[in-house]
Amino acid sequence: MLRIALAQIAPRLGALDENLARHHELIEEARAGGAGLVVFPELGLTGYQLQDLAAEVAMRLDDARLATLAAATRGLSATVSFVEESGDHRLFIAAALMEDGEIRHVHRKVFLPTYGLFDERRFFAAGDVVRATPSRLGVGVGIAICEDFWHLQTPQLLALDGAQLLLNVSSSPGRDLAARNDVGLGTATSWRTLMRTYAQLTTSFVVFVNRVGVDESITFWGGSEVIAPSGEPLFSAPLFDEGLHLVDVNLDDVRRERIALPLLRDERLELQARELGRIISERAGFATDSTAEPGAEPGLDVAARAPEEPIRLRSRRR
Amino acid sequence: MSAARPLPVDDAGRPLFELPDELAIDTDVARRVIAGFIRGQLLQAGFERCVLGLSGGIDSGLVAYLVSEAIGADKLLCVLMPYRTSSPASRADAEAIVADLGCASELVEITAMVDGYFGEDGAMGAGGESVREATPLRRGNFMARMRMAILYDRSVAFGGLVVGTGNKTESLIGYTTLFGDNACAFNPIGDLYKSQVRQMAAAIGVPRQVIAKAPSADLWPDQTDEDEGAFSYPLLDRILYWRIDRRRNTDELVAMGFDRALVERVERLVATSEFKRQVPPIAKLGPRTAGVDYLYPRRRPGSSRS
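Protein chains in written order, with our numbering: chain A, -14 to 303; chain B, 77 to 382.
Please keep in mind that the hints were generated in silico from the structure rather than gathered at the bench.
Note that this is a predicted model, so its numbers are computed, not measured.
Ideal Cβ positions, reconstructed from N, Cα and C, are used throughout, including at glycine.
A few of these clues could be false.
Listed below are several chain B residues computed to face chain A (Cβ distance under 7 Å; list not exhaustive) [said to hold, decoys possible]: (1) A100; (2) D102; (3) A106; (4) F113; (5) F255; (6) V368; (7) L371.
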C-alpha cells in the first residue's frame, strides 16, 4: 500500500521563498498523514506565467534551497517542480524526484507548447530525455510535465522504460468553458480522457497533479487525479480548490492488471523503432518515401496541388 | 453532466432572452473561475477593494454581483454617473442593484463636466465654438471618458481597483470608447459574449428587469445597441463565436446559414477595432522594449502596493 499526497496548491508567481516555505509545510503535513509520496504541480516553486522572470527564479541543481528541500524528504519521496538553470545557462522547466534527502532524478519538460495561450519555447529550453527512474517506493517512476502527456510517446516510453507509476505534474490553464462538458470545462474533459487512456494502455498508475489559483489572465483548474492501471479513476480532487489530498493505492494492482492484460508485454518495440527509422529517413529526404503521393517533395507525404484536383494513387513504386 | 438550468421567463412565460445552444456555459464553473480571478487580481496587486461604474445595465450589474460574490459587497463601491439625458429607469435599476447587494454607492452627475466642455443652451463651453455642434459620437466618447476619470479618482479615495464591465461582443466589434468605458485594472466578463452575460446574470440573481430590457449605451435618449448597430445580440454573438472562437471563415459561415453581408460587416467591425483591444505600440529603439522583448507579468513580487 502506498499513500500518495497530491499537493494541489496555488503557487505565488515569482515568490520563490514563499513557495518553498509552502512546500516544506506540506511535506511535513503529508508525512504526518502517513504519505510515502508527495507530488507538487508544475513550477510549484515559482508559478507558471513567468516570462522574463524565469531567469530570476532559476536554480541550479546544486542550489542550497533545493538541498534543504531534499533534506526534508527523509523517509519519503517527493516530486517538486521549478526552473532549472543548467551549467550552460539553459533554462528548463524541471521536476525532480527527491527521496531520503537527495535528488534522485530530474525530468526536464520535453514538449514546450508554443501556440494558443502558451509561449513556453520563447522562455525555456526543451529537455531531450524521457527516462523512468527506480525509486524507494519499490516501483519504477516516470515523471512527465503537463504538455509531455499530450504526446503519446511520453507515457509509452516511460512505461516501456520500467515505470509503473506515471506522474504528470501540470499547470493546466482552464479554458473552453461550455455547458456540454462533463465538468463544464473543455480542458478538464480532455485531460480526463487522456489520463484514463494512458493508465489503461500502459497498465500503470497515473497520478496527475494540477495547480489551482490565478496567474495574470489564466485560472488553473486543479482536478488532480489518481487513475488505476485498469483506467479506473480512484480519486478526483475538486476543481479550483487548494488542498492536500491523500490517496491510498495498492501497487500490486499493476501486477494483476499486467498479467490479465499484457499490453506492455506485447508492444512491438523493434517494429516501432524500424518504422520510425524509416519515417525519419523519409522526412529528411534520405530515403524514397514509399507511402507518399506522387509528386510529393522529399519529407512531405502529400503533394502540393490545387484542392479540387483529385488524389491519384500511385500504381507502382518509383 | 452539469444540469442545464431553464432560462428565466417573463410574466407571460416567455424566456427573458435567447441563448443560442453553442454559447451556453456552465455558470457555476464560470462563477468559480471569475471569483478566483477577481481575488487573484486583488491579491497580486495588494488591494482589497473594487470600484466600478454602475449604469443600471446588465454588464455593470453582473460585474457588481460577481465582485460581491468574490470579495463581499462591503468591499465594493458602485459609482452612478448619469448625464442629464440619461434614462431615469437606468438609475432606478442601478439603485435597485445597490440596495439588493448592500454595497456602497456614490452619485456623481457628469452633466456639469460634459456641458462645461461642449456648452449648453447657447452658452459657450470650455471646448469653444468648434465643439458646439459636436456629433453624438464625440459627445458619447467624451461622456465615457469623464466617467473613466471619475472612477480612477474614486479608486484612489476608496482604495479599490477599477473593475472593467465590458463584454466580449462589444469589445470585438469595437462598440466601446478607447480609454473610456474600456479603461480598467482588470475585466472579469471580457471573455463572455452578451448572450453569456445574460445567462450569468440570470444565474447570479441580477434583477429581472435589468436582464429583460434592451441593451443601451444610454448616450442619448432611447438609444439601443441593437437599433444603432442593426443587429440582434444572439445572432451577432453566434457569428463572432464561430468566426473567432471556432475559426470558421466567411464561406463556411455562409454555408452554415449566416447572411454573407452581415458576416462581412461583422468582420469589418472586428478588423477596424483591433486597435482598441491592444496596448499602443512603442517605437522599438533600445535593447529592451516594454511589450516587445521586455516581458514581465503585470504583477510580481515587489509590485504589490501594500
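Here is how each hint holds up against the structure:
1. This hint holds: A100 (chain B) has a C-beta 4 Å from the nearest C-beta of chain A, less than the 7 Å allowed.
2. Because the closest C-beta pair between D102 (chain B) and chain A is about 3 Å apart, less than 7 Å, the hint holds.
3. Proximity of A106 (chain B) to chain A holds as hinted, the smallest CB-CB distance being about 6 Å (cut-off 7 Å).
4. For F113 (chain B), the interface hint holds, since its Cβ comes within 7 Å of a Cβ in chain A; the closest pair sits about 5 Å apart.
5. Given the 7 Å rule on beta carbons, the hint for F255 (chain B) is violated: about 20 Å separates it from the nearest Cβ of chain A.
6. For the restraint placing V368 (chain B) at the interface with chain A, the shortest Cβ-Cβ distance is roughly 12 Å, beyond the 7 Å limit, so the hint is violated.
7. Among the interface hints, the one on L371 (chain B) holds; its C-beta lies about 4 Å from the nearest C-beta in chain A, closer than the 7 Å criterion.
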